[in-house]
Amino acid sequence: MSALPRADIIKDATRPGISSEAALSRPAIHANSRRGANSRADPLWVKWLVIAVATGFLGLFIVLPLVCVFTQAFSQGIAAYIAALTDPDTLSAIRLTLIVAAISVASNSVFGVIGAWAIAKFEFRGKNLLIVLIELPFSVSPVIAGLVFVLLFGLQGYLGPWLVAHNIAVIFALPGITLATIFVTFPFVVRELIPLMQQQGTEEEEAALSLGASGLKTFFRVTLPNVKWALLYGVLLCNARAMGEFGAVSVVSGHVRGETNTMPLHVEALYESYQFAAAFAVASLLALLALVTLVVKAVLEDRLVGE
Amino acid sequence: MKISVIGVTKRFDDFAALNQVSLEVRSGELLALLGPSGSGKTTLLRIVAGLDWPDEGQVQFDGEDALARRVGERHVGFVFQHYALFRHMTVFENVAFGLRAKPRDEQPSEPEIRRRVEKLLDLVQLGWLAQRYPTQLSGGQRQRIALARALAIEPRVLLLDEPFGSLDARVRKELRRWLRNLHSEIHVTSIFVTHDQVEAVEVADRHAATGL
Numbered sequence: 000m001s002a003l004p005r006a007d008i009i010k011d012a013t014r015p016g017i018s019s020e021a022a023l024s025r026p027a028i029h030a031n032s033r034r035g036a037n038s039r040a041d042p043l044w045v046k047w048l049v050i051a052v053a054t055g056f057l058g059l060f061i062v063l064p065l066v067c068v069f070t071q072a073f074s075q076g077i078a079a080y081i082a083a084l085t086d087p088d089t090l091s092a093i094r095l096t097l098i099v100a101a102i103s104v105a106s107n108s109v110f111g112v113i114g115a116w117a118i119a120k121f122e123f124r125g126k127n128l129l130i131v132l133i134e135l136p137f138s139v140s141p142v143i144a145g146l147v148f149v150l151l152f153g154l155q156g157y158l159g160p161w162l163v164a165h166n167i168a169v170i171f172a173l174p175g176i177t178l179a180t181i182f183v184t185f186p187f188v189v190r191e192l193i194p195l196m197q198q199q200g201t202e203e204e205e206a207a208l209s210l211g212a213s214g215l216k217t218f219f220r221v222t223l224p225n226v227k228w229a230l231l232y233g234v235l236l237c238n239a240r241a242m243g244e245f246g247a248v249s250v251v252s253g254h255v256r257g258e259t260n261t262m263p264l265h266v267e268a269l270y271e272s273y274q275f276a277a278a279f280a281v282a283s284l285l286a287l288l289a290l291v292t293l294v295v296k297a298v299l300e301d302r303l304v305g306e
Numbered sequence: 000m001k002i003s004v005i006g007v008t009k010r011f012d013d014f015a016a017l018n019q020v021s022l023e024v025r026s027g028e029l030l031a032l033l034g035p036s037g038s039g040k041t042t043l044l045r046i047v048a049g050l051d052w053p054d055e056g057q058v059q060f061d062g063e064d065a066l067a068r069r070v071g072e073r074h075v076g077f078v079f080q081h082y083a084l085f086r087h088m089t090v091f092e093n094v095a096f097g098l099r100a101k102p103r104d105e106q107p108s109e110p111e112i113r114r115r116v117e118k119l120l121d122l123v124q125l126g127w128l129a130q131r132y133p134t135q136l137s138g139g140q141r142q143r144i145a146l147a148r149a150l151a152i153e154p155r156v157l158l159l160d161e162p163f164g165s166l167d168a169r170v171r172k173e174l175r176r177w178l179r180n181l182h183s184e185i186h187v188t189s190i191f192v193t194h195d196q197v198e199a200v201e202v203a204d205r206h207a208a209t210g211l
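So the protein sequences, as listed, match chains A and B.
Those letters in the first sequence? Residues 0 to 306, per numbering that gives the first Met the number 0, in order.
Those letters in the second sequence? Residues 0 to 211, per numbering that gives the first Met the number 0, in order.
It is worth saying that the hints were derived from the structure and are not from the lab.
Treat the numbers as computed from the prediction; the structure is a model and nothing was measured.
Take these hints with a grain of salt, some might be off.
List time: in silico DSBU-like cross-link candidates among lysine-lysine, alpha-carbon distance up to 35 angstroms [unchecked claim]: (1) B:118 <-> B:101; (2) A:227 <-> A:216; (3) A:227 <-> A:126; (4) A:227 <-> B:118; (5) A:126 <-> A:216; (6) B:1 <-> A:216; (7) B:101 <-> A:120; (8) A:296 <-> A:120; (9) B:1 <-> A:227; (10) B:172 <-> B:1; (11) A:216 <-> A:120; (12) B:1 <-> A:120; (13) A:216 <-> B:118; (14) A:120 <-> A:227; (15) A:227 <-> A:296; (16) A:46 <-> A:296; (17) B:118 <-> B:1; (18) B:118 <-> B:172; (19) B:101 <-> A:227; (20) A:296 <-> A:126; (21) B:101 <-> B:1.
To be clear about the criterion: a stretch of chain A counts as covered by chain B if any three or more of its residues have a C-beta under 8 angstroms from a C-beta of chain B, and this derived list gives those stretches [to be verified]: (22) 198-209; (23) 215-225.
We put the beta carbon where it would ideally sit given N, CA and C, even for glycine.
Please take these sequences and the hints and turn them into a complete structure.
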């Protein structure tokens, strides 16, 4: 609301300065008079306002929370931070998160490559349906993803009695958590690969086959190297989501501290028992993961242009 | 080696790309397959190579049934219109691919691979590009590398699918003459697909027309 009057003030304030501004940028205007005309149509105050709003939002909603996480994490000193991270329950949560992420990323990578291959390189009935279904986990609430597995494998579920009879624990155990995570992170790898593989076509594979390479050799020496950066990119995003997933995992985990709590669940458990510094210490690990992901992502995007 | 195509038919859904096509290519000759685009000449070439399969008819190499063999077992060199070079490999590795792809007991030794690849690169006069990547080459250079790669497996048959189709007129003309000379040097039975009549006459010993 206050933006409008303030903007007017800025506009008036810059008016006397326009002549000196124009004098300064005269060479640029000469070099490209059309652009010069445009920048006159978009007054300077608009440019600054837009930049200010954009950076303001970014600061308020991204940078500030991130800074908060780290300051809170260290609010009781480094010793407390390390103590929080080396707590047996925390270590168990970290271990569980790593195991779940490793399994989910591996299985989604294998599926991603096979799925993308099928969709990009073959024509078959129901292909469009498959493409739509692959993206489903993105549009379904993670809680529903969790509930689906409870419905399937839970005590009251379709397969529950059979599982109990055979002494197999799925819900409230590692398998259930992993299944829910796989479901939620399912699209990341495959959707990176499909457009690239479609664009690359099948000619290189055909060339390799005509040169006498076996199907397997063609796959490992031609197909896979051609998409390696996109694959890594997908794996990276898949991993970030797998480690950070809360909703779906929350439904199937059972929240047993030191046993079935992943890192995000552990953060919540700590927070709800008023161990704020500890909660933020674990949260800072997740935030760090996000930052590392961001950096690696930028590097990979650079490589992807080459592919 | 003689290639015989006998009564080959190929349909895509309702559309018959090839209808009872027969063709004979004499041993050692360079035959141009001439026809407008969409007349099925590429399909015919792919069937001879083993990259596609006919609905009816036979393909024989020296009287022996070629359809019983997969593409990798037919020992054909295939040159694609858009080169299809392996983009993540150097020129050297591209040409060496066919030699490295052989089963372990048939694989030449590393010095032997090096010697043969260098010889092939000399043959296409591009030895100085060995360590470059395909994206760093011009279209004409890429197609010559693609040809060297196809020749590396010492193919019994060389199949060229509009090899100069995406090159500009000047390079095209140069490469035609070059291919003509190359063929008189190596004398491998070759089929050359083109929609350009002048090209067909200039390059080939004989030409056959499809879709007329």
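Provide an ascending list of the numbers of those earlier hints which the structure does not satisfy. As far as the earlier hints go, only 9 is violated by this structure.
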